[in-house]
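A.B. asks: The chain contents come next:
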Amino acid sequence: MDEEVHVAAPVKRSLGGWLLIAMPYLWLLIFFLAPFLIVFKISLSEVAIAIPPYLPTFDFSEGWETFRENLSSFSLENYIWLTEDALYWKSYLSSVIIAATSTVLTLLIGYPIAYGMARSPQSWRPTLLMLVILPFWTSFLIRVYAWIGILKNEGLLNQLLLSLGLIDEPLVILNTNIAVYIGIVYSYLPFLVLPLYASLEKLDGSLLEAAEDLGCPPWKAFWKVTLPLSIPGMIAGCFLVFIPAVGEFVIPDLLGGSDTLMIGKTLWVEFFNNRDWPVSSAVAVILLMILVIPIVLFQNQQQKMAEKNG
Amino acid sequence: MTRGPTWFNITSLIAGFSFLYLPIVLLVIYSFNESRLVTVWGGFSTKWYVSLLQNDQLLDAAWVTLRVAFVSASIATVLGTLAALVLVRSGRFVGRTLFSGMIFAPLVMPEVILGLSLLLLFVAMDQTRGFWTVMLAHTTFSMCYVAVVVQSRLVGFDKSMEEAAEDLGCPPVKTFFLITLPIILPGVIAGWMLAFTLSLDDLVIASFTTGPGATTLPMKIYSQVRLGVTPEINAVCTILVALVTLGVIAASIATKRQQVQRERDERAAFGAEG
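Top to bottom, those sequences are chains A and B.
Residue numbering for the first sequence follows our numbering, beginning at 17 and increasing consecutively.
Residue numbering for the second sequence follows our numbering, beginning at 856 and increasing consecutively.
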């Protein structure tokens, strides 16, 4: 009896195991990977006034001949167009710059918060952690919207500054890049604070005590011990801010001005206003190629951290 | 780190949390503003909440959004939990790197790319766009969040109880439902809630994948926000914020209580043995 169970179990488990793997795997293949291949395919096709608005490139139902014919009509035209029109490369460049600047700002603001959390008494920490996570649960759109009322010319910030007599004329902040920076820092701050806090919290306090016992001043102990040991958390947090910020749409659209160029917005306009699906696909493919490097780096780092902790 | 906070730490915490919460607090306060001008305080009033209840379009959008969020969060929780089990338990198999890549990539992938690619998939499949396509799209990205949440719960999991059950001849499926699931349940519930709120929030992916007759609440809010800030929008936002806050607090209390109960049970079990 006992023997039977042990012989039967591995076979049964491996079948069940394969089923277990297959379900989420297939879902992601169909709804995550396949769509990218389609985007790539359509980025090579021509725009047409039709529904859907592009010339079909793959259609196996019409036989091999048509397929070959279609294949020859494949062109890099859309990509060439992207290099010719300055709007696109300027959008890519300014997205990367805005995202990078905002990431640095988020780090400068987020570090003291994460550090303060890690230094606070054990009994406060669950509450503080909850306070960081809670905004993450509330709608992104709502949080961006909240800033419009604050930053407007006749908004709350200007009212406050005017009544304090700090300024004579309202500051123009909304619909400028400054508003975009504020929006990104505000929306993505929890993403940076959480991994940073996790790595600061694990930091061994005895190292700092040892440094102090040996006569190291606190600022130097911070510089030589705390900061280097929190680098993994900093890197993870910065990736979590930078990568999605590059393709951000809602923030530049609602807070930025007409001169705020970001590629997410460009893609949106190309798709919804100009109805040019092939060009917006090409924009997406290039954006993905730009982001592949940080995404792979991020995943490697996550894997390394997971292995270290596991 | 165990040493006490300095003044600098406390100041940065206060400043940081004010920055995080002040905009939302102001938004809530101004939803009770009598005046139509959002930035001028005209006295306390709940009239914008009353006018919301008469706004059929908004209520329709809210109903669509809730249904999409409920269905997609439920499917995403099943798939995400399976994915987490695969990531933690299945060891090495062919295509594992691709699999974990597909789990983690959607977490950072810009929404415009996800939305566009899913739309093109649905067009290629000749699907009529609407409720179901938005639901499928939301399931796909939120299952990855569920997988990550459940995975973190599975990693710190004592396998000995599962092994004991299996040694005693309990079939794997039964072991999962009797032992594994109850232990990872807080993670699964948190995952469902996260998936639900992500779906509730999403503007970009829904805009790409929706069709006529399936306008979601964020899409409705967005189109009104573009026309300007109104107290009505503040009122909608306040209701959403209140719901989410209550949900998160209730869930965390429930989790805590369950944990205490479990610890007590375990202690009782060990006590009985000894």
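If you are wondering where the hints come from, they were derived from the structure by calculation, not from laboratory data.
Hints may contain errors.
[Unchecked claim] The calculated PhoX-like cross-link candidates involving lysine-lysine, where the alpha carbons are at most 25 Å apart (straight line), are:
1. 218(A) <-> 236(A)
2. 320(A) <-> 240(A)
3. 240(A) <-> 218(A)
4. 1029(B) <-> 218(A)
5. 320(A) <-> 1014(B)
6. 1029(B) <-> 1014(B)
[What the hints assert, rightly or not] Chain B regions said to be covered by chain A (calculated; three or more residues, Cβ under 8 Å):
7. 871-884
8. 971-977
[Unchecked claim] Derived Cβ-Cβ restraints for the label pairs, each shown as a range:
9. 106(A) <-> 921(B): 37 to 47 Å
10. 247(A) <-> 945(B): 28 to 38 Å
11. 870(B) <-> 230(A): 47 to 57 Å
12. 102(A) <-> 1104(B): 12 to 22 Å
In this text, all values refer to a predicted model and were calculated from it rather than measured experimentally.
No residue lacks a Cβ here, since even glycine has one placed at the ideal position from N, Cα and C.
A.B. asks: Sort out whether residue 218(A) lies within 25 Å of residue 1029(B), counting only the CA atoms.
C.D. replies: 37 Å, violated
A.B. asks: Run the distance test for residue 240(A) versus residue 218(A): straight-line Cα separation, threshold 25 Å.
C.D. replies: 17 Å, holds
A.B. asks: Range first: 47 to 57 Å. Now tell me if the beta carbons of residue 870(B) and residue 230(A) are that far apart.
C.D. replies: 33 Å, violated
A.B. asks: Is the gap between the beta carbons of residue 247(A) and residue 945(B) within 28 to 38 Å?
C.D. replies: Once the Cβ atoms are compared, 31 Å apart, the range 28 to 38 Å for residue 945(B) and residue 247(A) holds.
A.B. asks: Could you say whether the range 37 to 47 Å given as a hint is met by the Cβ separation of residue 106(A) and residue 921(B)?
C.D. replies: Holds, since residue 106(A) and residue 921(B) (Cβ atoms, about 41 Å apart) stay within the stated range.
A.B. asks: Is the straight-line distance between the alpha-carbon of residue 218(A) and that of residue 236(A) 25 Å or less?
C.D. replies: 20 Å, holds
A.B. asks: Establish whether the coverage given for the region 871-884 of chain B by chain A is satisfied; the threshold is a Cβ-Cβ distance below 8 Å, and no fewer than three residues must meet it.
C.D. replies: With 9 residues in contact (Cβ-Cβ under 8 Å with chain A), the coverage given for the region 871-884 of chain B holds.
A.B. asks: If you draw a straight line from the CA of residue 320(A) to the CA of residue 1014(B), is it 25 Å or shorter?
C.D. replies: Distance ~23 Å between residue 320(A) and residue 1014(B) Cα, so the pair holds.
A.B. asks: Kindly confirm whether 12 to 22 Å is satisfied by the beta carbon distance between residue 102(A) and residue 1104(B).
C.D. replies: 50 Å, violated
A.B. asks: Taken at face value, is the distance from the CA of residue 240(A) to the CA of residue 320(A) at most 25 Å?
C.D. replies: Holds, because 23 Å separates the two Cα atoms, which is no more than 25 Å.
A.B. asks: Can you tell me if the region 971-977 of chain B counts as covered by chain A, using C-beta to C-beta distances under 8 Å and a minimum of three residues?
C.D. replies: holds (count 5)
A.B. asks: Residue 1029(B) and residue 1014(B) were given as a pair; does the straight-line alpha-carbon distance stay at or below 25 Å?
C.D. replies: Holds: residue 1029(B) and residue 1014(B) sit about 15 Å apart, inside 25 Å.
Figure legend: structure checked against the earlier numbered hints; hints not met, in rising order: 4, 11 and 12.
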